[in-house]
Amino acid sequence: MALNKKERKNTELKVALAGNPNSGKTTMFNELTGSRQHVGNWPGVTVEKKTGSAFYQDYSLEVIDLPGTYSLGAYSEDEVVARDFLTTGDYDIVLNIINSANLDRNLYFTVQLLEMGVDLIAVLNMADEAEKKGIKIDKKQLSQLLGIPVVETVASRGRGIESLLEQTVKNRDLSETALKLDYGSEVENLITEVVSMLKKFEFTQNINQRWAAVKLIEHDPEAVKLLEREIGISKAKKVKSLIAERELKAEDDFDNIIIDKKYEFINKVIEESVDRPEADQEPENVSDKIDAVITNKYLGIPIFMAVMWSIFKFTFTVGDPLIGYIEAFFETAGVWIGSIMAGAGVSPLVTSFVTDGIIGGVGSVLVFIPNIFLLFLAIGILEDSGYMSRAAYVMDKVMSKLGLHGKSFIPMIVGFGCNIPGIMATRTLDSKRDRLISILINPLMSCSARLPVYVVFAGALFPDHASTVVFSLYALGIVMAVIMAGIFNKILFKGERSHFVMELPPYRVPTLKGVFIHMWEKVGAFIKKAGTIIFSVVVLIWVLANLPLGVEYASAQSLIGQFGQLVSPIFEPLGFGNWQAASSLVFGILAKEVVVGTLGVVYAAGEGGLRTALQTNFTPLAAYSFLTMVLLYTPCVAALGAVKTETNSWKWTIFSAAYLFVLAWIVSFVIYQGGMLIGIGI
Amino acid sequence: MPLAMLRKGETACIKEIVGGRTAKGKLNDLGFVNGKMVTVHSSSGGPLIIGLGDNRIAIGRGMAHKVIVDTKGCEN
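Protein chains in written order, with my numbering: chain H, 555 to 1236; chain Z, 152 to 227.
Treat the hints with care, since some could be wrong.
[Said to hold, decoys possible] Take a look, some chain H residues computed to stay more than 12 Å from chain Z by CB distance: (1) 618; (2) 733; (3) 751; (4) 762; (5) 884; (6) 1030; (7) 1036; (8) 1102; (9) 1216.
[To be verified] Among chain Z residues calculated to face chain H with C-beta under 8 Å, some are: (10) 174; (11) 176; (12) 184; (13) 192; (14) 197; (15) 198; (16) 214.
It should be emphasised that the hints constitute simulated quantities derived from the structure, not laboratory data.
All residues carry an ideal CB built from backbone N, CA and C; glycine is no exception.
Turn these sequences into a full structure, and let the hints steer you where they fit.
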């Protein structure tokens, strides 16, 4: 299995984590690798690939976190990724993370791995939860029955990690023979025939032949595709017709027999190695009691709204004073550095570059670190606590009216952090149509990059109602998403209903470590973005504000001023026809924070900084109209890139950029002109 | 009868999963297998919440129609 093992040193190991969602896989990954993590993409797809490193004695381990899957059935892109990696991947050993309190279902995946011939260690994680439920697992017996090493752990408390590492290193050259289940004479005969056919047609030897045969008998589409690729369509047809012919004669469906036999085997294993109190008595547990309230028919949606509202309240009330400090820091730094540079005889142009350009532009974005930090803290807690799937359940009623189901709501919540992972998260939806609609509406979820713009404007123009104004924008985004989903559902796509089944994991207290790792990753990305793309754009704008040579800084005659005046007529009917606003929107497509960065640079010259400049240049109504525009208009280039990779179509990418701009313009127009009509535009 | 027709609090045994390969496969993955007991924890118009051992699973009405159950239990 380990393809490139020879290229690795004796003290280097490549280890993959595989297992069901909610088995504590990510917690285990965090526990093993700590902060030594790297997030990338799997080749060819945008499924997130997490790798990290761990050390044990003299050994260094490269740890790969595979997407969580229930089986190797390959129903969604995640599962295909996990399966491709496991069949042809390059690793020494797989750690199969198993939720000990939920053995039946977790072992279903383990058995599939074993049949495929994967070399693995069974990691009985969440051993404490199993103990609490009175489940006793005889590790020795289980290890013998499955023919693999078994380790017990509690990743959330760091228990058993040492012995897991020890076992991993010890079993690095493990070579297990693939598990052979007896599927009964009818299926077995067919398997033998298919295997010999595969051999005759020279099917790849990299894959366990028996496993491939079973998958073909199950009509697994990925297996069929692989077969066609490997031996050609005409020969593949012969294999398929052999299977079809047998199926006609058989009494029961082969897939049914195969699934039943797997569970039969698992039940036998559990019977012989696990001691648990009265099976299936499932007493009302704490999660059920919480669910009775949270998923209640009438309370569910109000509770969801309340949760969202408190997240924003939290982000603002805690963030505001911190923002004040950072703001004060940058202001003092600007004045101080400015005076030092002037004193040292540095040319005014360079001084302006540092104070107006870098500090005014990048500083005005960096001020929002506390908000970003708190927002992702809240989203992290929401994700880890198990509430996310309840929100999806509760929203199913609304979503199903739009032809989507509740699961489509999860990418939308993720989009509040950033639309790129939001768009990526749509890959868990199995219907193409649901996926496309979800991708198209995701940018309407107000991402954290837009937050700085709201906060700056709300602070300047609605000081007494800042958080209400910001919350209303988030709500407007959701409402527009719902409306657009309804429209897309009606006119663009019809038919093709998808299946809604989703696990509701038990509620858990999020681990500090997990939430903080998640948060640092996001805040780090924000700072990196500020240092790279935002910095470059701000520099560009500063240059444009100083050209042509000799022009007054950031005046209407500067290049940026002329450019802004060129596009500003488009925004005139929306209440912000000034060139500063217009150019900030155009550059904002590079990254939404740039809207603030640009305004920071072009208004830096004025007295009293950005806040005063906004108060003189925008009426409250115009400001709200501007914020609506920022909320709804064309997504940033990175998000458009994600749309392109996910839809694999320029048509949909361009469509998404265009429809959002038109929508934003119309809504802003209605708000501004409507406001003027009823006389609140002063 | 289909699982979708059970009322809140009722318990039944899964007898058969009907439907296409994808639907069946997804249900199997989440533990809906012949001979398992299921309990309805919530049924209020939208998706049902089903107890399958210690697992709680939200399942749409359409999918719940594909799970054929017997309220008399698994012994017959």
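Now the hints, each set against the structure:
no. : hint : verdict
1   : 618  : 22 Å, holds
2   : 733  : 18 Å, holds
3   : 751  : 22 Å, holds
4   : 762  : 20 Å, holds
5   : 884  : 48 Å, holds
6   : 1030 : 25 Å, holds
7   : 1036 : 16 Å, holds
8   : 1102 : 63 Å, holds
9   : 1216 : 34 Å, holds
10  : 174  : 5 Å, holds
11  : 176  : 5 Å, holds
12  : 184  : 5 Å, holds
13  : 192  : 6 Å, holds
14  : 197  : 5 Å, holds
15  : 198  : 5 Å, holds
16  : 214  : 5 Å, holds
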